[in-house]
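Peer 1: What follows is the residue order along each chain.
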Amino acid sequence: METFVIGLSIGSILFMVALGLAIIYGTMKVINLAHGEMVMIGAYVTVLATRHLGLNIYLCLPLAFLVTAMFGLAIERSVVSRLYGRLLDTLLATWGIALILQQLVRIHFGLALFGIKIDGLGADLQNVPVPVELQQTWHLLGANIPVYRAFVFGIAVLLGAATWWLLYRTRFGSQLRAVSVARNTAAACGVNDKKVNALAFAYGCGLAGVAGVLVSGFKTVSPDMGTSYVVDAFLVVVAGGVGQLLGTFAAAGILGEVQSFVATWLNDVYGRTVLFAVVILILLFKPQGLFVTKSR
Amino acid sequence: MNDKTRRAFLQASGFAAMGLAAPAILRLGDRAWAAEEVPVGIMYSLTGTTAIVEKSMNQCAQMAIAEINAKGGVLGKQLRPVIEDPASEPRTYSEKARKLVMEDQVPVIFGCYTTASRKAVLPVVERRKSLLVWPTWYEGEECSKNVLYAGSAVPNQQLENSLPWLKKKLGRSKLFIVGSDYAFPRGMAKTSKTICQKIGMEVVGDEYLPLGHTEWASMVSKIGASGADVIFSNVVGDSIVAFYRELRNQGYSFDKLPLCSSTTTEVEIKAMGPEYALGSYVSLPYFQTVETPQNQAFVKAFKAYAGADAVTHAAMEAVYIGVHMWAMAAEKAGEFTAKGVVSAVGGMSFDAPQGKVTIDPQNLHSYLTPRIGKTRADGLLDIVDQYPEPLLPLPYSSVGESAEKRLCTTSGASL
Chain E
1 METFVIGLSI GSILFMVALG LAIIYGTMKV INLAHGEMVM IGAYVTVLAT
51 RHLGLNIYLC LPLAFLVTAM FGLAIERSVV SRLYGRLLDT LLATWGIALI
101 LQQLVRIHFG LALFGIKIDG LGADLQNVPV PVELQQTWHL LGANIPVYRA
151 FVFGIAVLLG AATWWLLYRT RFGSQLRAVS VARNTAAACG VNDKKVNALA
201 FAYGCGLAGV AGVLVSGFKT VSPDMGTSYV VDAFLVVVAG GVGQLLGTFA
251 AAGILGEVQS FVATWLNDVY GRTVLFAVVI LILLFKPQGL FVTKSR
Chain L
1 MNDKTRRAFL QASGFAAMGL AAPAILRLGD RAWAAEEVPV GIMYSLTGTT
51 AIVEKSMNQC AQMAIAEINA KGGVLGKQLR PVIEDPASEP RTYSEKARKL
101 VMEDQVPVIF GCYTTASRKA VLPVVERRKS LLVWPTWYEG EECSKNVLYA
151 GSAVPNQQLE NSLPWLKKKL GRSKLFIVGS DYAFPRGMAK TSKTICQKIG
201 MEVVGDEYLP LGHTEWASMV SKIGASGADV IFSNVVGDSI VAFYRELRNQ
251 GYSFDKLPLC SSTTTEVEIK AMGPEYALGS YVSLPYFQTV ETPQNQAFVK
301 AFKAYAGADA VTHAAMEAVY IGVHMWAMAA EKAGEFTAKG VVSAVGGMSF
351 DAPQGKVTID PQNLHSYLTP RIGKTRADGL LDIVDQYPEP LLPLPYSSVG
401 ESAEKRLCTT SGASL
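Order-wise, the sequence lines are chains E and L. For reference, each letter of the first sequence is one residue, going 1 to 296 in our numbering. For reference, each letter of the second sequence is one residue, going 1 to 415 in our numbering.
Any given hint could be a false lead.
Pairwise CB distance ranges (calculated) [claimed, not checked]:
id, chain 1, residue 1, chain 2, residue 2, range
1, E, R77, L, S253, 42 to 52 Å
2, L, G227, E, F285, 18 to 28 Å
3, E, M70, L, K300, 44 to 54 Å
4, E, L266, L, K169, 32 to 42 Å
5, L, S226, E, K195, 52 to 62 Å
6, E, L53, L, A304, 31 to 41 Å
7, E, V157, L, T47, 38 to 48 Å
8, E, T227, L, K339, 27 to 37 Å
9, E, W95, L, K169, 36 to 46 Å
10, E, V231, L, T47, 17 to 27 Å
11, E, G96, L, S411, 34 to 44 Å
12, L, E126, E, G96, 36 to 46 Å
Here are the simulated SDA-like cross-link-like pairs (lysine to any residue), alpha carbons at most 20 Å apart as the crow flies [claimed, not checked]:
id, chain 1, residue 1, chain 2, residue 2
13, L, K256, L, G334
14, L, K55, E, R86
15, E, K29, E, R86
16, L, K119, L, D85
17, L, K55, E, Q103
18, L, K99, L, P39
19, L, K168, L, V299
20, L, K55, E, I107
21, L, K145, L, K303
22, L, K77, L, T49
23, L, K55, E, D224
24, L, K167, L, D309
25, E, K195, E, D224
26, L, K256, E, R77
27, L, K303, E, D119
28, L, K405, L, G334
29, L, K169, L, G200
30, L, K174, L, K145
31, L, K55, E, I118
32, L, K256, E, D119
33, L, K55, E, K195
34, L, K55, E, L121
35, L, K256, E, L121
36, E, K29, E, R77
37, L, K55, L, L257
38, L, K77, L, G334
39, L, K145, L, K193
40, L, K256, E, N144
Keep in mind the hints are simulated off the structure, nothing from the lab. Please read all numbers here as calculations on a predicted model, not as lab measurements. Note that the Cβ used here is the ideal one computed from N, Cα and C, for glycine as well.
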């Protein structure tokens with residue numbers, strides 16, 4: 001039972017990071033390698049906001065969403081929008097952005113050159129205070145459930161629902177889906193595909209920022225923390241099927257549980273190995289991923 | 001080739017030769033001018049993953065050198081620090097060490113923090129007959145005559161005191177050993193098991209996760225399920241933070257499930273937020289709270305040097321010991337060569353912040369005072385246990401070395 005909850009929480013983080021990546025990849029066929037850095041920025045927003053503005057972790061969730069969405073918008077407008085349809089170039093460009101963002105945090109956004117140091121930035125490890133009510137454990141069905149992990153899962157479900165609503169119940173959502181299935185046709189029908197791109201990119205980055213806030217509560221915050229997430233999240237996107245909300249959800253859940261159970265049974269190293277094996281198996285039998293968008 | 005082009009060629013090669021020779025000529029002048037100075041290498045990472053700790057070690061080495069220079073230097077010469085940044089990469093360590101030894105001609109390098117970096121520097125100092133002064137506590141099983149293990153604890157100096165203490169004072173008997181996956185934690189576990197067998201403690205788990213791993217949930221629930229009543233942690237680096245936080249998030253408290261670490265210093269406690277480490281134990285020879293006049297002076301001097309919120313820690317104190325003992329040994333030997341220093345340093349004592357530190361003439365390791373600290377709310381540690389006397393270093397204790405049967409002697413290791 002505990003293992004199951006741990007799996008759920010690993011899956012939840014994966015889901016939030018992967019969801020943004022899936023939306024971005026689904027709409028504009030851009031693999032955003034700076035996505036992990038959005039997680040990192042979300043975590044740093046939490047560090048700075050709790051330290052300097054006295055906010056708690058709950059208020060950091062919307063704040064981090066806004067800040068990372070702004071970063072996302074800026075990246076899309078300045079770099080990615082100039083490189084559409086050039087997969088390899090966007091891959092390199094976003095990787096470059098990722099490195100730049102990491103170093104910017106390290107050098108206090110360049111202010112260190114002028115001798116100004118912001119408490120909370122820099123190459124050091126940072127930490128975030130977690131509210132007392134999240135530090136407890138619940139007893140449920142004879143197992144100890146860490147409240148924080150349950151909280152992470154709750155937020156993931158909430159964001160999943162919000163994203164579903166956005167994609168399938170709003171005008172923007174139908175435009176976005178139209179663009180991801182047939183860009184030119186959608187554009188011909190009067191959909192402003194550039195605007196859709198920019199907003200989708202910003203939204204995807206915002207989701208990663210929220211994941212960053214949640215991660216900061218139980219992991220170390222450091223400039224290069226984001227790198228590992230982009231790989232895992234991409235596995236989820238690939239295994240779940242591109243452009244499928246349900247697929248991302250299922251794949252994140254499955255992969256999180258696989259890692260958690262194998263890690264408890266053997267150890268985390270085997271957990272990761274089995275995780276990769278499972279992804280390979282899924283792709284062998286379902287090359288399009290678990291769920292496929294039917295299109296002609 | 002006609003005459004004209006040949007002349008041009010000769011002219012060009014003449015200039016080229018001059019250009020090549022120029023730096024050598026200039027450097028020659030440089031060296032002659034600096035006769036009253038001796039260059040010494042300082043090589044701690046200022047960038048990369050271990051920079052957080054190594055930066056303070058770099059500062060401490062510079063501070064110690066400044067202290068020595070203020071008292072007139074060594075053999076009448078001022079020490080001139082040559083600082084290199086090996087960027088937390090073992091390969092860069094080896095390159096920078098070669099540069100320091102061959103180009104800057106330093107007789108000694110104060111440097112390294114991880115075992116991986118020491119192993120990278122080892123062949124350089126051994127081949128070039130130079131000297132590395134190594135500061136960090138490590139897994140032992142090394143017996144080089146080109147390394148001065150000053151202030152560096154070996155497993156018996158961290159485990160012989162702490163494991164029996166956990167059993168006797170806390171009444172714990174089921175030990176779970178957890179560590180990062182590399183030489184140091186595995187060496188520590190090896191020695192722990194030998195000691196546990198002797199004192200009748202049961203090892204219920206011995207698990208590792210890769211360096212830098214930050215997903216500790218499964219490991220923590222595994223520790224909970226193992227029935228262990230005490231944890232010994234050899235976890236290193238940022239993993240420490242994730243590990244301690246995960247213990248808290250899963251509802252464990254150090255009152256009920258005590259944890260003793262061999263690696264968590266004041267620096268890591270500050271990084272994770274002291275409330276997460278509150279009540280956990282650490283076994284090291286030095287804490288900032290050691291009450292000796294030397295330590296009070298040391299802490300005060302370092303705060304004046306590096307800023308009021310700086311903390312001092314075990315690896316840093318070892319750097320301080322290393323620089324001072326090297327200077328004392330060079331003074332006694334009357335020369336700066338590795339051979340001279342090494343033969344002079346055996347049996348030499350230094351009143352360090354932690355108390356008296358003596359270099360063992362056989363294995364060049366240090367007699368240190370084992371201590372156990374308990375983390376308090378301000379991130380420093382209360383000393384709850386300490387040896388009255390410094391303890392003999394046994395680098396090969398994991399394979400059965402004892403005070404009577406020494407495996408590392410002046411002639412090298414005999415296994």
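Peer 1: Decide, hint by hint, whether the structure agrees.
Peer 2: Verification of the hints:
1. E/R77 to L/S253: 42 to 52 Å: holds (50 Å)
2. L/G227 to E/F285: 18 to 28 Å: violated (41 Å)
3. E/M70 to L/K300: 44 to 54 Å: Given a distance of about 46 Å, which is inside 44 to 54 Å, the answer is holds.
4. E/L266 to L/K169: 32 to 42 Å: holds (34 Å)
5. L/S226 to E/K195: 52 to 62 Å: The hinted range 52 to 62 Å holds for L/S226 and E/K195, with Cβ atoms some 56 Å apart.
6. E/L53 to L/A304: 31 to 41 Å: holds (33 Å)
7. E/V157 to L/T47: 38 to 48 Å: Because 40 Å falls inside the window, the suggested range holds.
8. E/T227 to L/K339: 27 to 37 Å: violated (46 Å)
9. E/W95 to L/K169: 36 to 46 Å: violated (53 Å)
10. E/V231 to L/T47: 17 to 27 Å: holds (23 Å)
11. E/G96 to L/S411: 34 to 44 Å: Violated: the Cβ-Cβ distance is about 55 Å, outside 34 to 44 Å.
12. L/E126 to E/G96: 36 to 46 Å: holds (41 Å)
13. L/K256 to L/G334: violated (56 Å)
14. L/K55 to E/R86: violated (42 Å)
15. E/K29 to E/R86: Between E/K29 and E/R86 the Cα gap is close to 9 Å, so the pair holds against 20 Å.
16. L/K119 to L/D85: holds (17 Å)
17. L/K55 to E/Q103: Satisfied, since the Cα-Cα distance of roughly 18 Å is no more than 20 Å.
18. L/K99 to L/P39: Holds, at about 13 Å.
19. L/K168 to L/V299: violated (33 Å)
20. L/K55 to E/I107: Roughly 15 Å separates the two Cα atoms, so the pair holds.
21. L/K145 to L/K303: violated (34 Å)
22. L/K77 to L/T49: violated (36 Å)
23. L/K55 to E/D224: holds (18 Å)
24. L/K167 to L/D309: violated (36 Å)
25. E/K195 to E/D224: violated (31 Å)
26. L/K256 to E/R77: This hinted pair is violated, its Cα atoms lying about 54 Å apart.
27. L/K303 to E/D119: At roughly 19 Å apart (the allowed maximum being 20 Å), E/D119 and L/K303 satisfy the hint.
28. L/K405 to L/G334: violated (33 Å)
29. L/K169 to L/G200: holds (14 Å)
30. L/K174 to L/K145: violated (39 Å)
31. L/K55 to E/I118: Distance ~18 Å between L/K55 and E/I118 Cα, so the pair holds.
32. L/K256 to E/D119: violated (35 Å)
33. L/K55 to E/K195: violated (47 Å)
34. L/K55 to E/L121: holds (16 Å)
35. L/K256 to E/L121: violated (35 Å)
36. E/K29 to E/R77: Holds, at about 16 Å.
37. L/K55 to L/L257: Judged against 20 Å, a Cα distance of about 33 Å means the pair is violated.
38. L/K77 to L/G334: holds (12 Å)
39. L/K145 to L/K193: violated (29 Å)
40. L/K256 to E/N144: holds (16 Å)
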